Amino acid sequence: MDPAPDPVYNGIYRSVVNIAIEKTPERTIRRNGIIVECDPTYAYIVADARAFEGNIAADKITVDFPGEQCIKPLPEHCNITNGLVGIYCCPGDEKFNTDLFKRVEMCNQPLQMSEAVTLNGHEFSHNCAVSVSAEFGTPVINKNGELVGMNCSLSYHLTARNISALVGTIRDIQNTLRNRV
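The opening residue of the sequence shown carries number 164 in the working numbering; numbering runs sequentially from there.
If you're looking for bench data, these hints aren't it; they were derived computationally from the structure. Keep in mind it's a predicted model, so treat the numbers as computed, not measured. Check before you lean on any hint, since a few could be wrong.
[Stated by the list, open to error] Calculated cross-link-like contacts (lysine-lysine; reagent style DSSO-like; alpha-carbon spacing at most 27 Å):
id, residue 1, residue 2
1, Lys258, Lys223
2, Lys186, Lys223
3, Lys235, Lys258
4, Lys306, Lys265
5, Lys223, Lys265
6, Lys223, Lys235
7, Lys306, Lys235
8, Lys258, Lys306
[Claimed, not checked] Simulated restraints, written as ranges between beta carbons of each label pair:
id, residue 1, residue 2, range
9, Glu189, Leu237, 32 to 38 Å
10, Lys235, Asn307, 33 to 39 Å
11, Pro203, Glu239, 18 to 24 Å
12, Asp335, Tyr176, 25 to 31 Å
13, Lys306, Glu257, 32 to 38 Å
For every residue, glycine included, the Cβ atom is placed at its ideal position computed from N, Cα and C.
Generate coordinates for the entire structure from the input sequences, incorporating the hints supplied.
Printed below as a string of C-alpha cells:
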C-alpha cells in the first residue's frame with residue numbers, strides 16, 4: 164500500500180504551473196511559476212524572470228495549470244519587475260477549475276535558523292546544503308505549506324529570495340498589470 168500523500172507537497176504541486184517560453188520554433192524554455200492569486204475567471208502567476216530575456220512581447224508563452232488547462236497570455240498581461248515576471252492569465256469564455264489548483268499561501272514570519280523547508284518534495288533545514296536539483300523560481304515552502312521564498316540559485320546551497328522581497332515585487336507587478344487589463 165502506498166503511503167498517504169504529503170499534504171505540504173500536495174499543496175506545492177497544486178500551486179505550481181509550468182511555463183513554456185518558445186524562443187524559436189526549435190528552442191523552448193520551461194520554468195516553474197507560482198500561483199499567487201486565482202479564482203474561476205483569472206489567475207495571477209509569478210516566476211523567475213531569467214528565461215524572459217529580451218522583448219517579452221516576442222516570446223510565445225504558454226502556462227500549463229495542474230489539471231491540464233493551458234493558457235496563452237497576451238504580451239500586455241506580462242510584466243517584469245525586480246527579477247520577477249508576473250503573468251495575468253484569463254481562461255477566456257471558459258472558467259478555471261479551481262478544485263485542481265490553488266494559490267500559494269504567503270508566510271509572514273521570517274525563517275528561524277535550522278527550520279525545515281520543502282523544495283520539490285524534499286525536506287531539509289534551510290541553512291543546509293541542497294542535495295536536490297531545483298530550477299530557478301521553484302517555491303520554497305515551510306512545514307505549514309506557506310511560501311517562504313523562491314529559489315534563485317542552482318549552486319550547492321539553497322539561496323532564495325525572501326518572502327518580503329517577493330511580496331513587494333508581486334504587489335508592484337499586480338498593480339501594473341491591473342492598469343493594463
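Here is what the structure says about each hint:
With a C-alpha separation of about 22 Å, the suggested pair Lys258 and Lys223 falls inside the 27 Å cut-off, and the hint holds. Straight-line distance between C-alpha atoms of Lys186 and Lys223 comes to about 7 Å, which keeps the hinted pair within the 27 Å bound. Among the hinted pairs, Lys235 with Lys258 is consistent with the structure: their alpha-carbon atoms are about 14 Å apart, no more than 27 Å. The suggested pairing of Lys306 with Lys265 holds, with an alpha-carbon distance near 17 Å, which does not exceed 27 Å.
For the given pair, Lys223 sits about 25 Å from Lys265 by alpha-carbon distance, which is consistent with the 27 Å threshold. Between the alpha carbons of Lys223 and Lys235 the distance comes to roughly 8 Å, so the proposed pair stays at or under 27 Å and holds. The suggested pairing of Lys306 with Lys235 is violated, with an alpha-carbon distance near 33 Å, which exceeds 27 Å. For the hint pairing Lys258 with Lys306, the CA-to-CA distance comes to about 31 Å; that exceeds 27 Å, so the pair is violated.
The supplied range of 32 to 38 Å is broken by Glu189 and Leu237, whose beta-carbon atoms lie about 24 Å from each other. Here the CB-CB span from Lys235 to Asn307 is close to 34 Å, well matched to the stated 33 to 39 Å. At roughly 22 Å, the beta carbons of Pro203 and Glu239 sit within the given window of 18 to 24 Å. Between Asp335 and Tyr176 the CB atoms are about 28 Å apart, so this pair conforms to the stated range of 25 to 31 Å.
At roughly 35 Å, the beta-carbon separation of Lys306 and Glu257 lies within the given 32 to 38 Å, and the hint holds.
Consistency note: the structure conflicts with the earlier hints numbered 7, 8, 9.
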